[in-house]
Amino acid sequence: MKPAIHVRDLTKVFKVPERDAGLKAATLSLFKRKYKEVRAVDSIAFDIQPGEVVGFLGPNGAGKTTTLKMLAGLLYPTSGELDVLGYLPEKRQKDFLRQITLVMGQRSQLNWDIPAIDSFELNRAIYSIPRKQYEETRDELIELMLLGDLINKPVRNLSLGERMKVEAVGALLHRPQVLFLDEPTIGLDVTMQRRIRRFIQEYNARYNATVLLTSHYMADVQALCKRVIVIHHGKLLYDGGLAGLVERFSAMKTLSVTFSDMNGHAPDFSTFGTVISQEPNRVSLRVGKAETPNVTARMLADLPVTDLTVEDPPIEEVIEHVFEQPKEDDEKKETA
Amino acid sequence: MLRGLKLFGLFARISTLNEMQYRANFFIQLLQSFISLGTGLAVLAVVFSYTDNLHGWSGGELLAVMGVHILMGGIMRTVIQPNMGRLMEDVQEGTLDYALTKPEDSQVMVSVRQFAIWAVVDVLMGIIVLVWALVSIGNRTTLASALLFVVAMFLGAVMIYCVFLMFTTLAFWFVRVWELMEMFQSLYQAGRWPVGIYPDWLRAGLTYLIPVAFAVTVPAEALTGRLTPQTILIAAAFTLVLMWVSRAVWKYGLRHYTSASS
Amino acid sequence: MLARARDYADLYLVNAKTAIIGQFQYRLANLMFLVHLVIEPLIYLIVWTNVAEAQGGSVGGYTASTFAAYYIVWTLVRQFNLSLSPFSFEWRIKNGRLAGELLRPVHPIHYDLGFFLGIKVPYVVYWLPAGLILWLIFRPVIELTWWQVAAFPVALMLGFLVRFAMLWLLGLITFWTTRVSAIFDLFFTLELLLSGRLVPLELMPGWAQDIAAWLPFQWAFGFPIEVLIGRLAPDQIVRGFAIQVIWIAVSYTVIHLVWKRGIKHFTAVGG
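Chains R, D and B are the protein sequences, given in the same order. Residues 597 to 932, numbered by our numbering, are exactly what the first sequence covers, in order. Residues -5 to 256, numbered by our numbering, are exactly what the second sequence covers, in order. Residues 79 to 349, numbered by our numbering, are exactly what the third sequence covers, in order.
Just so you know, these hints were derived from the structure itself, not from any lab. Hints may be right or wrong, so weigh each one.
To be verified - The calculated PhoX-like cross-link candidates involving lysine-lysine, where the alpha carbons are at most 20 Å apart (straight line), are:
1. Lys611/R <-> Lys172/B
2. Lys632/R <-> Lys831/R
3. Lys749/R <-> Lys95/B
4. Lys831/R <-> Lys611/R
5. Lys96/D <-> Lys0/D
6. Lys95/B <-> Lys338/B
7. Lys172/B <-> Lys338/B
8. Lys611/R <-> Lys95/B
9. Lys690/R <-> Lys95/B
10. Lys95/B <-> Lys687/R
11. Lys687/R <-> Lys338/B
12. Lys632/R <-> Lys611/R
13. Lys611/R <-> Lys598/R
14. Lys172/B <-> Lys690/R
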């Protein structure tokens, strides 16, 4: 089957003006500007099949939104190959736009002054949806999202969560085949997050739509995505199953060891593994999974160990570690 | 009162320091002020190409009125309008609570938080135009009339503030009051001309409803030797009334706001 | 082709309806806006009435009551030629709204045009009482002929299209720079002086009229007013229509070109 989204060597370089402080520099910069190049997205590649729900992970500034915008046709790439549903996104052909949608959790597309139902009607006209299909889809989505009477109130008077629900329905009225969801649950409470998630699931199941979603909430990703793509500093770090992600980045284990008094004769722990933290009688080490039995045995034999635990870090922490320690990331990538 | 002034000084310093980072804004403001001055001069030139006096005011005297108008407008845009705009925004976004939870009188608090340093350009421009006008008509300004002018300006600014505050308080009841700013601006534009030219009903409105007459015409009268002692006394009395009424309106609005919002 | 035309008609209609629903919601805001709109010509009217009286009744062929006619029709033309402010364009680019609009399979200008056509309905409705009151206070004199009445709506509509295009084009500058307020100010000053907004163009100095002849401003403002109050002969009106149409054609062509480049720039830097 032809993939719904096809990405090869995708790169986006921004030129950012550099300016020194002060009036003189500001005046000078009017005439001659210094630029600095920032690689927001650095030759990433992936394919997404029709009907797949893929989580797109990375810390702030990793290049997630930039990638989504390029896929939606809002940004044109510096270089690389891009294909969404057989279209080149940057051309923003009408037939392409009719089949995609972009939802940004922090930005509203609805008119705040009028009830949502009137905004929906506007979307019908914009996407030239046949009347019958429109009514069908609308009622179906309204039911799916449990919107009820909310559609008759001016959007201004809705709570953040209610607004997001209405926003999501409005964005799907034209039955898009590809959904780009940028932080769709941001700022919502847990129940509301769950509702939005269910909605995305249902929509995906019913229309076999392809979904690419970014979120800060791992719960979103765990509930929705079998597959995740992790990018960091614009580079692709990982692409595969969610289970594999845990497996892969917890290929390391954390060893916490407590000793009885060693009278200041602490050995060089780096011969056992990477030292995370060290106190006089305590040490935390990161050790490769395969070597763990070996290292544990050596420690128990050579050192006055009083307590020893081996931990598999939770997924949030795994990802956090990946993102917080850029140098180690590179190492891991090379060994992968 | 003294605490309020201190607080004002503090906020003014912070926002000025902050604005200093965006000095290009200064040049833009300068450009805008010149454009606006040019427009005003062009209008005067067109009118006075057909006549040599408008309701007893000569072209030079009208230039003085324009100077006062720019000067007062500058004061308004530096300290009054930014605060009222912020207040409206806060009511809409629900962030007014931050201001209300500070250990300070709420009216003082919402009136001193903002300071638009670049609008000071208009204050300076107004003074220059005013001096230029006075020199060109050969006006011999006495110390007494200069003093009277300063008093009249002060009273006018306070009145503008009070009325602006009352209008902004409407934001507690109505969601969208941005049009208010525009309405206020265009009513203030009426002050470019001495209020004497307007028909009675409009003059009354521009005197007691939106005190443009007190804010612009009266100070200009002080400088051109037209001011009667009664007028300045009425201005002082009216200022006191407005201060009292606007405070009452503010308190009433605030009570409505704190009991209605969630 | 027919289906496409129907789609567009549908889009304009729904959009206009949306604008009307949204606008009628804010009665106080509308009232304040109306005061804002009426006060400006009122000042001009009173100043010029004063001048006319000081000059023994008339200035350049305008008496107090023809000035009244001019500035009362002015208020209707103003309500009608209200367009998207370039400041809104700036806002729309800054807060990312434009990005969403680019993802719709319709050019945003249709969207704005539909909206501002719709909004004329509430605006004209709100104008009626204001116009009536002004009429009763200032007692204008207009001698109407059938062709003035017939030509006025056409001049009004074409005038709106001219002004809408100018302001939309101006807004597009925001694609390249965010410090646009001074440019916008300059535009509005030129419009004030050279469109017949401040004063009938006939009263401006000759050289200013010569400059104005080469600019689009008067075709969106002074021209429709002069059509209705009867300062123009039939052949001048027809000539005016032609110039309006030329300006519309020119400005929409320029918009088309600038828009393409602007979008290219916008999608390179990412808004």
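Pairwise hint evaluation, lysine 338/B against lysine 172/B, where the allowed Cα distance is 20 Å at most: Roughly 19 Å between the alpha carbons, so the hint for lysine 172/B and lysine 338/B holds.
Would you check the hint for lysine 632/R and lysine 831/R, treating anything up to 20 Å between C-alpha atoms as holding? At roughly 19 Å apart (the allowed maximum being 20 Å), lysine 831/R and lysine 632/R satisfy the hint.
Measure nothing beyond the straight line between the CA atoms of lysine 749/R and lysine 95/B; if it is 20 Å or shorter, mark the hint as holding. This hinted pair holds, its Cα atoms lying about 17 Å apart.
For lysine 95/B and lysine 687/R, compute the direct alpha-carbon distance and say whether it is at most 20 Å. 31 Å, violated
Compare the distance between the alpha carbons of lysine 831/R and lysine 611/R with 20 Å, and conclude whether the hinted pair is satisfied. 18 Å, holds
Can the restraint linking lysine 687/R and lysine 338/B be considered satisfied, given a maximum Cα separation of 20 Å? Status holds; Cα separation ~11 Å.
Check the hint pairing lysine 690/R with lysine 95/B against an upper bound of 20 Å on the C-alpha distance. 24 Å, violated
Are lysine 172/B and lysine 690/R close enough, with their CA atoms no more than 20 Å apart? This hinted pair is violated, its Cα atoms lying about 25 Å apart.
Restraint check for lysine 611/R with lysine 172/B, where alpha carbons must lie at most 20 Å apart: 19 Å, holds
Hint consistency between lysine 96/D and lysine 0/D [alpha-carbon to alpha-carbon, up to 20 Å]: 15 Å, holds
Can you confirm whether the C-alpha distance between lysine 95/B and lysine 338/B stays at or below 20 Å? At roughly 29 Å apart (the allowed maximum being 20 Å), lysine 338/B and lysine 95/B break the hint.
Satisfaction of hint between lysine 598/R and lysine 611/R, Cα-Cα up to 20 Å: The given pair, whose Cα atoms are some 35 Å apart, is violated under the 20 Å limit.
Comparing the model with each earlier hint shows violations of hints 6, 8, 9, 10, 13 and 14; every other hint is respected.
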